[in-house]
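Asker: Spelled out, the chains give:
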Amino acid sequence: MSEPSAPGPHRTRPPLVVAIPAVIAVLFLTLPLIAVLQRLPWGDAWEILRSERTTDALRVTLTVVPITTAIAVLLGVPLGWVLARAPIRGRTFLRAIVLLPMVLPPVVGGTALLFALGRRGLVGQWLDQWFGITLPFTTAGAVVATTFVALPFVVITIEGGLRAVDPRTEEMAATLGASPATTLRTVTLPAISGSLRAAIALAAARALGEFGATIAFAGNKPGTTRTLPLEVFRALEEDPATALVISVLLIAVSLLVLIALRGRWWPQ
Amino acid sequence: MPPPVLRILAVLVASTSAVACGGGDDDRGGSLTVFAASSLTNVADSLADAFMDSSSEVDHLELQTGGSDSLARLIVDGAPADVLLTADLSTMDLLAGLADDPVVVAHNRAAIVVPRDNPADIESVTDLADPTITLAVCEPVVPCGDAALELFRRSGIDPTPDTLEPNVRSVLTKVELGEVDAGVVYRTDAGRSPSVRSLPVDDPPRRPVAAAAVGDRDAAAAFVEFLGSDDAAAIFAMHGFEER
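Heads up: the protein sequence lines correspond to chains C and Z, in order. Heads up: the first sequence at position 254 corresponds to 254 in this note's numbering, and the numbers run straight through without jumps. Heads up: the second sequence at position 77 corresponds to 77 in this note's numbering, and the numbers run straight through without jumps.
What the hints contain is simulated information worked out from the structure, not anything from laboratory work. Check before you lean on any hint, since a few could be wrong.
[To be verified] If you want a taste of the chain Z side facing chain C, the calculated C-beta under 8 Å gives, among others:
| no. | residue |
| --- | --- |
| 1 | Leu63 |
| 2 | Gln64 |
| 3 | Asp69 |
| 4 | Ser70 |
| 5 | Leu74 |
| 6 | Asp127 |
| 7 | Asp130 |
| 8 | Ser155 |
| 9 | Asp158 |
| 10 | Arg169 |
| 11 | Glu176 |
| 12 | Leu177 |
| 13 | Gly178 |
[Claimed, not checked] Calculated from the model, a selection of chain C residues having no Cβ within reach of chain Z, i.e. all distances over 12 Å:
| no. | residue |
| --- | --- |
| 14 | Val107 |
| 15 | Leu135 |
| 16 | Val165 |
| 17 | Pro190 |
Ideal Cβ placement from N, Cα and C applies to all residues, glycine included.
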């Protein structure tokens, strides 16, 4: 079963008032990417990709991104369901609060996380005293920071997907004797599989590029919390060629992720 | 409906031409743009005020702070700064050909700070070698990171910092919040913050504060000259810097 599909391709030649700004938008968005490719030191690219600094950062990123994505999906899908389906009051307010990290400058989010989960933080001090857990300056802390930023993308995507599913299909399953859990598993989740894919891709893409929250909360330690974007930031200061090569690596991976969305950015 | 499109185009054209004309020399009138190392944030404010009091030409001073190295790179990339103040001399090499020869206007020293309650009981430099403590220093490419490395080298230790921060202020913040057990900053930063305590260190690494005029505006040269004056020296001293 797939998501209710969009009405068949309905293509219209755009009027100039649409076409001109659209072309400007494309140029504006692609020009910097072209400029990066044009400056790329192709000859040294392989050497740079294999350097210890790059592979260290790549290893941290490849640890942080999948874990972040998994946590964001495990927590975000249920919250998206609650926002779309549950009979709760203050839904608009709740949605605004949980989507806030999307608009908050990430470095502010990271600092706020220090106040909350840092060693002296609101909750973090108890984590430290009772369990001996401190998150800042650890890979787990980098996961926390990126999850803070990526989670809302899952919530909003899943909520949108669920809103597009006719609740009567779920009611019908219930009438036919399916338990809520069975309905969720056999009707609802398959119906939003496209949104789920989109949510995973968005969360992963956001986690991949995360910088501000990570450096503010988790710090910048090679091999532990220094992800690819942090390595780019450092390299921009002392070694622009490395910054360019890693940027292109990030662009390539993000492009793959976004292409994997296959037009499912917004559920129909 | 062409008008909105035209308006958008007009805005785009206007903004690009504004960028294109941004390099014009004397359209900035009595305003001076100063890029200063993070460690100079407070003293630069006082210096700017004193300079404007004494100058009839300059009535507005735009101050941008950051890591010395990234500020220098911004200027190399065309950022419109009139004066650069760095926390060391070598960073000035990046500006070769773009700026006048740098002048040393004061000196600063590295300092080890711990949160006021000193959670890890750090009493000397050598305690920093303990791998169980958390330690914040600047990136080695930033002057304060380089000073930290020299401090460690002289003390015969080789600690592994838990985080390499982009500038001295973010090191100080991590110590102030108690998120790290110790950090290496400048003496001037240590003195400013009531929530940290500095450890006694014998002859900590000394770093020059350097100033250079970028471009050829008279007002920029006048500001650099002012920074070398006795008035400026008094302000530097008031903020805990050592003489030039």
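Asker: Against which earlier hints does the structure fall short, listed by number upward?
Answerer: 1, 2, 5, 6, 7, 8, 9, 10, 11, 14 and 15
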